[in-house]
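Novice: Sequence:
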Amino acid sequence: MSTHPTVLITSVGSGVGYGVLYSLRQAKRPYRIIGANAVAVAAGNFRCDTVYHLPSAHQAEKYRAGLLAILGKERPHLLIPGHDMELPLLAAWREDIERDIGTQVLVSSPQVIQVCNDKYESARFFGERFVTTAITPEQISRLVADCGFPLMVKPRQGYASRGVQVVFNMAELDAALNRSNEALIVQEFLPPTGWNKAKQDLTRQDIYDDSRLRQEEEYSVQVLVGRTGQVLGLFSSRNSLWHGVPFTVETYRDPILEREVLAMTQQLTQIGLIGPCNFQARKTAAGEYRFFEVNARFTGITPVRADMSFNECDASYRHFVEADDSLPLACTEGFWAQRYITHDVFTRADIATLEGTGQWPAST
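Residues 0 to 363, numbered by numbering that gives the first Met the number 0, are exactly what the sequence shown covers, in order.
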């Protein structure tokens, strides 16, 4: 293994992967960062110390062969996945990689990944803490009768609000369910309390700004779990999103929310949760929290949390590689972040090198 702290980030050009890269660069210690990505033209690639062109996780066998080649050559201390597609594969291979190569893989058990990647399984697992979720015709009919319109329709396995829509009547619901070839779920719609409007009184103009779904007052709680199930840190925020991407992040503390998340975390640790996990919720008019998504990974606002003194990526290295929990990992109140589009600049020669040789630059 390298004597210098070395981390491999897969899908380093994704929103999550880039956030992990940024967070490690913000740490007080200098990390050597190895990137891997299926796309050569991507932000993040050329901010790594070296980056590899890796087949997509959709091509599981080619992805595995390419990943093992990188691991064998670079011998990083820690591997952090940057995309949901990679999680089931890495969860299945984690024990082999850690035994044969010695690299720690920051991913939970296959059972945890299955529960979190599948929103219907999440609803079944967490029960009443989750928003009412339906998948069969009988369940959907009961949801319509019990909750009424509007309702959310979304992919059973999805991310970043991809394919999410709100429907206002049976005709729109039937059209949404029949339009897609992928498995869909239907969920109760919970309006932000700040709208001060009952759900049955909501109009399309309340929920959509032109064609953009208004995503406001969404509560996000990030937890970092250690090897033995201990909670190393918890960070909660209230976010507004634009097409599934948070653009306003406000630190937020509520003991009720945090108790709910810690109870859900304990449920997951019993089936193998380790490392990062994110819980997303809306608040009801009665002051209760209902969760609509759980992801066992870092998120797109991981770098925002790092800039707010909650560097979960650096803490993960210290815990899982060095067994060092001496640095506190706590949420500090009073912070607000406004996000914007930024950029990376690189050259055509950089792209040609990565595409032509599979690596940029030569490994040091």
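Please note: incorrect hints may appear among the correct ones.
[Unchecked claim] Restraint-style ranges between C-beta atoms, simulated for each label pair: (1) A59 to T227: 51 to 59 Å; (2) Q156 to T356: 18 to 26 Å; (3) H3 to T356: 19 to 27 Å; (4) S179 to G333: 41 to 49 Å; (5) P327 to I255: 41 to 49 Å; (6) V38 to A144: 39 to 47 Å.
Note that these hints are calculated values from the structure, not bench results.
Since this is a predicted model, take the numbers as computed values, not measurements.
We put the CB at the ideal spot given by N, CA and C, even for glycine.
Novice: Confirm or reject each hint.
Specialist: Here is how each hint holds up against the structure:
Range check, A59 to T227: about 31 Å between beta-carbon atoms, so the 51 to 59 Å window is missed. A hinted range of 18 to 26 Å for the beta carbons of Q156 and T356 is inconsistent with their spacing of about 34 Å. At roughly 23 Å, the beta carbons of H3 and T356 sit within the given window of 19 to 27 Å. Under the hint 41 to 49 Å, the C-beta atoms of S179 and G333, about 43 Å apart, fit the expected range.
For P327 paired with I255, a C-beta distance near 23 Å fails the hint of 41 to 49 Å. At about 45 Å, the beta-carbon gap between V38 and A144 stays in the expected band of 39 to 47 Å.
In this structure, the earlier hints numbered 1, 2, 5 are contradicted, and the remaining ones agree with it.
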